[in-house]
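Residues per chain, in single letters:
There are 2 protein chains.
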Amino acid sequence: MTVLETPVAIVGLGKIAVDQHLPSIATSPAFHLGAVVSRHASMEGIPSYKTLGEMLANEPDVPAVALCVPPQVRFDLAYEALCAGRHVLLEKPPGASLSEVEALCDLAEANGCVLFATWHSRFAKGVAKAKEWLAARDIGKVKITWREDVRHWHPGQQWIWQPGGLGVFDPGINALSILTEILPSPVHMTAAELEFPENRDTPIAARLSMRGAGNLIVEADFDWRQTGPQTWNIEVETDHGVLRLTGGGAHLEVDGRNMTDAEALQSEYDGIYSRFAELLRESRSEVDNSPLRHVADAFMLGKRRVAAPFND
Amino acid sequence: MTVLETPVAIVGLGKIAVDQHLPSIATSPAFHLGAVVSRHASMEGIPSYKTLGEMLANEPDVPAVALCVPPQVRFDLAYEALCAGRHVLLEKPPGASLSEVEALCDLAEANGCVLFATWHSRFAKGVAKAKEWLAARDIGKVKITWREDVRHWHPGQQWIWQPGGLGVFDPGINALSILTEILPSPVHMTAAELEFPENRDTPIAARLSMRGAGNLIVEADFDWRQTGPQTWNIEVETDHGVLRLTGGGAHLEVDGRNMTDAEALQSEYDGIYSRFAELLRESRSEVDNSPLRHVADAFMLGKRRVAAPFND
Chain X
519 MTVLETPVAI
529 VGLGKIAVDQ
539 HLPSIATSPA
549 FHLGAVVSRH
559 ASMEGIPSYK
569 TLGEMLANEP
579 DVPAVALCVP
589 PQVRFDLAYE
599 ALCAGRHVLL
609 EKPPGASLSE
619 VEALCDLAEA
629 NGCVLFATWH
639 SRFAKGVAKA
649 KEWLAARDIG
659 KVKITWREDV
669 RHWHPGQQWI
679 WQPGGLGVFD
689 PGINALSILT
699 EILPSPVHMT
709 AAELEFPENR
719 DTPIAARLSM
729 RGAGNLIVEA
739 DFDWRQTGPQ
749 TWNIEVETDH
759 GVLRLTGGGA
769 HLEVDGRNMT
779 DAEALQSEYD
789 GIYSRFAELL
799 RESRSEVDNS
809 PLRHVADAFM
819 LGKRRVAAPF
829 ND
Chain V
519 MTVLETPVAI
529 VGLGKIAVDQ
539 HLPSIATSPA
549 FHLGAVVSRH
559 ASMEGIPSYK
569 TLGEMLANEP
579 DVPAVALCVP
589 PQVRFDLAYE
599 ALCAGRHVLL
609 EKPPGASLSE
619 VEALCDLAEA
629 NGCVLFATWH
639 SRFAKGVAKA
649 KEWLAARDIG
659 KVKITWREDV
669 RHWHPGQQWI
679 WQPGGLGVFD
689 PGINALSILT
699 EILPSPVHMT
709 AAELEFPENR
719 DTPIAARLSM
729 RGAGNLIVEA
739 DFDWRQTGPQ
749 TWNIEVETDH
759 GVLRLTGGGA
769 HLEVDGRNMT
779 DAEALQSEYD
789 GIYSRFAELL
799 RESRSEVDNS
809 PLRHVADAFM
819 LGKRRVAAPF
829 ND
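Order-wise, the sequence lines are chains X and V. According to the numbering used here, the first sequence is numbered sequentially starting from 519. According to the numbering used here, the second sequence is numbered sequentially starting from 519.
Take these hints with a grain of salt, some might be off.
Stated by the list, open to error - No more than 27 Å apart at the CA atoms, straight line, and that leaves these computed lysine-lysine pairs for DSS-like:
1) X:Lys568 with X:Lys533
2) V:Lys647 with V:Lys661
3) V:Lys647 with V:Lys659
4) V:Lys533 with X:Lys533
5) V:Lys659 with X:Lys821
6) V:Lys533 with V:Lys659
7) V:Lys647 with X:Lys821
8) X:Lys533 with X:Lys659
9) X:Lys649 with X:Lys659
Stated by the list, open to error - From chain V, some residues computed to sit far from chain X (all C-beta separations above 12 Å):
10) Asp719
11) Glu753
12) His812
Rather than coming from a laboratory, the hints here were simulated on the basis of the structure. Yeah, the Cβ is synthetic: ideal placement off N, Cα and C, and Gly gets one too.
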């Protein structure tokens with residue numbers, strides 16, 4: 519039996535679309551690029567539209583839409599696409615509020631559409647194996663260090679500093695998406711400290727404390743002011759040794775022994791599109807809001823500090 | 519058949535316990551006060567303990583516990599009570615984080631206990647009738663005005679200004695608990711502006727914008743700096759007239775016509791204990807986290823402003 523490739527439309531031709539989505543769609547056995555929607559850009563040989571509305575009206579045979587726009591404008595587009603009966607893939611975070619994501623879930627279900635709230639870091643090479651290994655362990659302390667240079671990774675992007683843009687939680691939520699994936703039981707925020715640059719609406723650094731079952735504690739250090747080497751590490755102390763995920767989940771070792779899955783897909787986004795194809799085949803949505811919920815909790819119960827102004 | 523009164527223990531003998539819980543338990547046909555837990559206070563003729571642990575150890579026949587402590591310490595006490603197999607009533611808000619409330623739900627279910635996350639304003643006299651009346655209407659604009667004098671209502675209380683104390687959302691969440699109860703469909707936060715006194719960790723004022731199905735919009739104005747007359751109003755424009763809840767939900771009118779339910783219980787807390795009795799009879803938990811979720815969303819996507827220092 520030949521499985522036909524599903525046409526998918528990309529909405530928002532920014533950095534993440536160009537760097538990740540387009541290459542993964544190009545090599546995906548399940549999808550091909552059916553259309554693009556962008557106010558400013560277009561792609562040769564691909565039907566290109568200025569608005570989602572025009573695309574939906576002109577491309578009835580594109581059943582799936584991937585939203586690669588900033589979180590502040592994601593809801594309206596997702597709503598429009600779901601109302602038009604299209605399946606929707608959401609970049610992370612799935613929205614600017616928890617409640618809007620719940621509304622999208624209800625709408626997707628009512629309209630018989632698949633909604634996939636992606637967390638790309640969960641598809642990093644070391645994550646599935648880390649989850650498997652931790653399933654049977656007693657876990658003590660988890661230490662997350664997520665320190666990167668915002669100027670390098672978000673050059674000139676203003677939305678990250680605007681309300682709803684999450685600031686340093688934009689990368690930090692990747693760590694939380696791994697944490698919530700690999701831990702065998704849930705944790706909750708007990709304290710947080712957020713540093714807001716005096717001239718910005720979102721934090722540039724955050725320190726978090728969480729707790730879970732038994733003696734499980736999590737300490738997280740997110741910082742966007744790291745120049746030089748970049749750090750995306752999660753260290754988990756257990757009764758059977760220390761597990762370390764480094765490189766944003768790409769490398770896994772236990773007590774210094776390499777456990778990275780050599781067979782795993784090389785690209786996180788290849789994993790995302792492979793899962794999306796599976797969800798479409800099974801007509802099943804996948805929306806886990808827990809990483810965003812932890813971020814909201816950190817904002818709600820966090821202590822605010824004013825930091826030096828940040829200028830691009 | 520004679521229904522025996524259930525002994526309930528009060529944990530935390532602060533203002534809300536003394537003003538509301540004790541009087542409602544005293545007149546409840548379903549409950550009587552079985553014990554109190556307080557670090558500093560005790561009650562004549564009632565077994566009094568300094569810690570919840572002592573109470574649980576010494577009072578195996580007190581099956582229910584009402585937690586009237588600040589939200590920052592609620593989780594540990596609820597956890598301890600549920601682990602001891604007791605049913606738990608939580609004052610609002612049910613916790614300092616959304617995730618901890620989810621953890622308590624799971625624990626209550628696993629231990630066969632009833633967990634009741636109360637929202638006292640939902641038991642105000644006008645609320646049930648407002649919900650009934652709105653069920654069949656097209657709703658346009660909702661305007662919430664919740665302005666009170668923090669010095670009058672929270673004299674000397676420090677926890678409201680500490681991280682997790684929610685600040686002006688401590689009263690404002692009452693409005694959100696009514697809103698989420700009376701609206702026939704959900705809304706989500708689209709913008710928020712929070713004013714933090716320069717010397718405090720929680721906001722003293724907030725302006726919120728929310729949206730819902732169709733043309734439904736909500737504008738909320740929470741302020742803790744109101745002296746003179748106090749305002750707790752919700753106004754709902756519909757295709758069949760304007761509904762107004764005033765006095766924190768106590769009075770209901772539509773287009774100026776009084777619709778308050780004359781038969782309704784006079785006290786919100788009488789309503790709470792009546793519902794708790796019903797939940798115990800049916801072995802059923804009731805936990806609606808949506809008011810707290812809206813607050814978390816407001817913190818997450820809100821714009822922060824610095825306001826004048828606040829001193830008690």
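Evaluated hints:
no.: 1; hint: X:Lys568 with X:Lys533; result: 18 Å, holds
no.: 2; hint: V:Lys647 with V:Lys661; result: 18 Å, holds
no.: 3; hint: V:Lys647 with V:Lys659; result: 19 Å, holds
no.: 4; hint: V:Lys533 with X:Lys533; result: 54 Å, violated
no.: 5; hint: V:Lys659 with X:Lys821; result: 34 Å, violated
no.: 6; hint: V:Lys533 with V:Lys659; result: 35 Å, violated
no.: 7; hint: V:Lys647 with X:Lys821; result: 40 Å, violated
no.: 8; hint: X:Lys533 with X:Lys659; result: 35 Å, violated
no.: 9; hint: X:Lys649 with X:Lys659; result: 16 Å, holds
no.: 10; hint: Asp719; result: 5 Å, violated
no.: 11; hint: Glu753; result: 22 Å, holds
no.: 12; hint: His812; result: 6 Å, violated
Of the hints listed earlier, those the structure fails to meet are numbers 4, 5, 6, 7, 8, 10, 12, in rising order.
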